[in-house]
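Undergrad: Here is how the chains run, residue by residue.
Protein chains: 2
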Amino acid sequence: MLSRKIADSTVRRLAIYLRFLEEFEEHGEATLSSEALASRAGTTSAQVRKDLSFFGSFGKRGLGYDVSALASELRGILGLNRRYRVILVGAGRLAAALVQYAEFGARGFDIVAAVDKDPGRIGTRWGELVVGDVADLETIIRHHRIDIAILVTPADPAQALVDRLVASGVTAMLNFAPVQLHVPHGTDVKNVNLAVELETLSYAIRHRGAPAQR
Amino acid sequence: MLSRKIADSTVRRLAIYLRFLEEFEEHGEATLSSEALASRAGTTSAQVRKDLSFFGSFGKRGLGYDVSALASELRGILGLNRRYRVILVGAGRLAAALVQYAEFGARGFDIVAAVDKDPGRIGTRWGELVVGDVADLETIIRHHRIDIAILVTPADPAQALVDRLVASGVTAMLNFAPVQLHVPHGTDVKNVNLAVELETLSYAIRHRGAPAQR
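Residue numbers (the numbering used here), protein chains in the order written: chain R, 1 to 214; chain B, 1 to 214.
Simulated from the structure, these hints should not be mistaken for laboratory data.
Bear in mind the structure is a predicted one, so any value in this text is a computation, not a measurement.
No false leads were slipped in.
No copy labels: a pair is met if it fits in one copy or bridges any two.
Cross-link-like lysine to any residue pairs, in silico, SDA-like; alpha carbons within 25 Å at most:
| hint | residue 1 | residue 2 |
| --- | --- | --- |
| 1 | 117 | 103 |
| 2 | 190 | 42 |
| 3 | 50 | 38 |
| 4 | 60 | 40 |
In isolation and in its complexed conformation, chain R is listed as follows (with noise of 0.2 Å):
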């Protein structure tokens, strides 16, 4: 696909980009600038224009951006307009904090299955989950038909479980652990390190300039 190469960064901007052109939706409003949109997403005008051309014509010259189909176009885009299955890879205090996080659901992300090795973890009901053994991975993914892996582990035990995931056919994981991991071709791993966000923190306060809201 002609889009296979658009960065992280963009992908990034477009969910935003969706959560405002919603909200807009939401209070009635038909259509919207790039200026408005830009200012909502912290970003320039022209930016919003480029992020949106690599995927088509959007919007006329003078009339902005029509909101709902804007919208129903990005959804598209981010493969929003189906459910996602996903399983917790790990127990712990991180993964108890993300099943409660309603947001993934409102997106389309469901969280269906969740493993520990610790026993004292395992057989802990969540909601309408219950935690079940790491040992049993492959059973579990094939049962609830995994999408999306969350693996929330410790860095050490990381690179083996994906390599059992990718072994189950996941493709798709999202890395909580403090580690790079390996995969094959044509499976994604996407890094959120907390800890680097703060550090992109710790470089504005060192370089105190303009501000900065991404």
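Once you have looked at the hints, place chain B on chain R.
TA: Structure of chain B alone, referenced to chain R:
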């Protein structure tokens, strides 16, 4: 300062490079090529050289980078040669997970306070920390000489809390609330939106092509 306009994505990569340099340092490696660093960080050697070129001239042609010297430079650039005092605004499940996140302390970020408005949470002990009343936010910030706030509240109260943080002199914030915050010039806000991270995966699944790892 010259480096004021560096993109967040560059700063994030510098933080990732630093992690690998420290790992190589632990293994007793004295020098490292930009190719090796790029391969570990999932980027290209051209990108590594470009990222570093913003800050000066590192490495020697054919000899690579001096691991310890470059790590030390990056710590300085990222503002990591000091410690930071952090407050959690909101003491729900995600906050409880963050307070246990060992990497924060290891990178110089000490969570020294937490506040909530829920009487059921106020007074709860988390290790050495006791959850305070958000009504006392200003006093707690002054008492603990807070450098950075991590906002882990629902969307609704977030802006009012940020206004109070700004008025109390907090100039750096990591925001988990799903809302775009408005802050004055000179205050930095970085947004972490975990649903957006999942949407980079649904995008990847929708546009299955080359694997992406950042």
